[in-house]
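Residue numbers (our numbering), protein chains in the order written: chain A, 1 to 272; chain B, 1 to 71.
One thing to keep in mind: the hints can contain errors.
[As the list claims (entries may be wrong)] Taking CB as the label site, the calculated pair distances span:
#, chain 1, residue 1, chain 2, residue 2, range
1, A, D83, B, S34, 29 to 35 Å
2, B, D39, A, N178, 27 to 33 Å
3, B, S34, A, E118, 25 to 31 Å
4, B, D39, A, A162, 29 to 35 Å
5, B, D39, A, E149, 43 to 49 Å
6, A, Q175, B, S34, 37 to 43 Å
7, A, S158, B, S34, 30 to 36 Å
8, A, L21, B, D39, 31 to 37 Å
9, A, R135, B, S34, 38 to 44 Å
10, A, E18, B, D39, 24 to 30 Å
11, A, S30, B, D39, 27 to 33 Å
[To be verified] Covered by chain B, per the in silico footprint, the following chain A stretches (three or more residues, Cβ under 8 Å):
#, region
12, 70 to 76
13, 135 to 146
14, 200 to 213
No wet-lab data here; the hints were simulated from the structure. Here the structure is a predicted model, which means the values were calculated and not measured. In this text, a Cβ means the ideal position worked out from N, Cα and C, and glycines have one as well.
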Amino acid sequence: MQMAEKQLVYLYCVTEEEPKLREVECLVDSLYSVHHKGLYGVTGDVEDSEFGEENLKRNLVDLEWVRAKATTHEKVIEGIMKDTCVIPFKFGTLFNTNDGLKAMLEVYGEEFKTILGELKNKQEWGVKIYCDIQRLKSGIADRQPEILEVENEIKSASVGKAYFLKKKKAELMEQAVNKKINQYGRESFALLKDLSSAARINKLLPKEVTEKEDDMILNSAFLVDSDSVLDFVGLANSLKTQYEDAGFSVDCTGPWPPYNFCGLPKARGRNG
Amino acid sequence: MDNIGVKSGDVTLLEVLDRVLDKGVIIAGDIVISVADVDLIYLGLKVLLSSVETMERLRGAPFPSPMQEAT
Numbered sequence: 001m002q003m004a005e006k007q008l009v010y011l012y013c014v015t016e017e018e019p020k021l022r023e024v025e026c027l028v029d030s031l032y033s034v035h036h037k038g039l040y041g042v043t044g045d046v047e048d049s050e051f052g053e054e055n056l057k058r059n060l061v062d063l064e065w066v067r068a069k070a071t072t073h074e075k076v077i078e079g080i081m082k083d084t085c086v087i088p089f090k091f092g093t094l095f096n097t098n099d100g101l102k103a104m105l106e107v108y109g110e111e112f113k114t115i116l117g118e119l120k121n122k123q124e125w126g127v128k129i130y131c132d133i134q135r136l137k138s139g140i141a142d143r144q145p146e147i148l149e150v151e152n153e154i155k156s157a158s159v160g161k162a163y164f165l166k167k168k169k170a171e172l173m174e175q176a177v178n179k180k181i182n183q184y185g186r187e188s189f190a191l192l193k194d195l196s197s198a199a200r201i202n203k204l205l206p207k208e209v210t211e212k213e214d215d216m217i218l219n220s221a222f223l224v225d226s227d228s229v230l231d232f233v234g235l236a237n238s239l240k241t242q243y244e245d246a247g248f249s250v251d252c253t254g255p256w257p258p259y260n261f262c263g264l265p266k267a268r269g270r271n272g
Numbered sequence: 001m002d003n004i005g006v007k008s009g010d011v012t013l014l015e016v017l018d019r020v021l022d023k024g025v026i027i028a029g030d031i032v033i034s035v036a037d038v039d040l041i042y043l044g045l046k047v048l049l050s051s052v053e054t055m056e057r058l059r060g061a062p063f064p065s066p067m068q069e070a071t
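Next comes chain A alone, as it looks inside the complex (with noise of 0.2 Å):
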């Protein structure tokens, strides 16, 4: 007898209210929804040659397979999200059966309850900020006195001198440099978080990731209410306009799934 190929159930995430899947079902080729005690898993299953524990390891090395099953997990999210608020977990949670689903919701479906009782009528918005330290640097040049000041020292040196001069010119400008950068991240940070429910820092990633020229100097989320979405945009708008000349630019968008603010109180592993 020909064994059929084994599945796997794909968790996208988890709602109290019905989730209404008409609208994100062309997205996969299976979705549906498990209810355990008063919540909603989101989910679909999936070839285990594909998303088993081995075979996943094989493609998570492959980026373009990477970026479309990603794409997908928000995108699933993204339209049930429309409707209700959603627990977005993880890219790539997967059980073996339903009733491993339900397990897992039986364990910490009062924490779900509370942590969505807690997202109700807020929204993530992510700001990231990045600088063109070369525009930034010219703006500094002409500004700074001490800066200036050893440019002209530089200037009547003798050749030994002006190499010393030089070193002290660059470090002087790599200060002022960090300098601005700190102070124009954490002073947009601190207004952008006083709009918020919530703020989180994210580590910053590199050009290469961000596919941008300049260097990314503040990766940030915030959960804001709905309320106060139309404050909190305008707000990073004129963040974008207020620095645009020293060389900062500012990038808000949203809402998006509340991945950074839907952590258990007490992190806990499957073996904790």
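We have chain A; now place chain B onto it with these hints.
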């Protein structure tokens, strides 16, 4: 008016790595992509990259400690 806040149709590689693969509830599946597994993605990415120090930079803290938020 700036189109700030508007997301384009496709999810960028940046958002894939920053949100979908890095955040979200990460518990209790029978299989879940772990932090070590996410490094595999960067390994895949590194094929496309020339930068050797990427992994190191990715692990680096964005700001000196006063900037870090505990909340």
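Assuming the hint says 27 to 33 Å, is it satisfied by the Cβ distance from D39(B) to N178(A) or not? Hint holds: Cβ distance 29 Å, inside 27 to 33 Å.
Are at least 3 residues of the region 70 to 76 of chain A within less than 8 Å of chain B when you compare beta carbons? With 5 residues in contact (Cβ-Cβ under 8 Å with chain B), the coverage given for the region 70 to 76 of chain A holds.
Pairwise beta carbon distance, S158(A) to S34(B), judged against the given window 30 to 36 Å: Hint violated: Cβ distance 59 Å, outside 30 to 36 Å.
Given coverage of the region 135 to 146 of chain A by chain B, checked by CB-CB distance under 8 Å (3 or more): violated (count 0)
Determine whether the Cβ-Cβ distance between L21(A) and D39(B) falls within the hinted range of 31 to 37 Å. holds, 33 Å
Could you tell me whether the CB distance from D83(A) to S34(B) stays inside 29 to 35 Å? holds, 31 Å
Verify the CB-CB distance for S30(A) and D39(B) against the hinted window 27 to 33 Å. holds, 29 Å
Confirm or reject the claim that D39(B) and A162(A) have a C-beta distance inside 29 to 35 Å. violated, 46 Å
Whether the CB-CB distance between S34(B) and E118(A) falls inside 25 to 31 Å: Check passed, 26 Å falls within 25 to 31 Å.
Using a Cβ cutoff of 8 Å, are there at least 3 residues of the region 200 to 213 of chain A near chain B, or does the coverage claim fail? holds (count 11)
CB-CB spacing for S34(B) and Q175(A) relative to the 37 to 43 Å hint: holds, 39 Å
Measuring from beta carbon to beta carbon, are R135(A) and S34(B) in 38 to 44 Å? holds, 40 Å
The earlier numbered hints that this structure contradicts are 4, 7, 10, 13.
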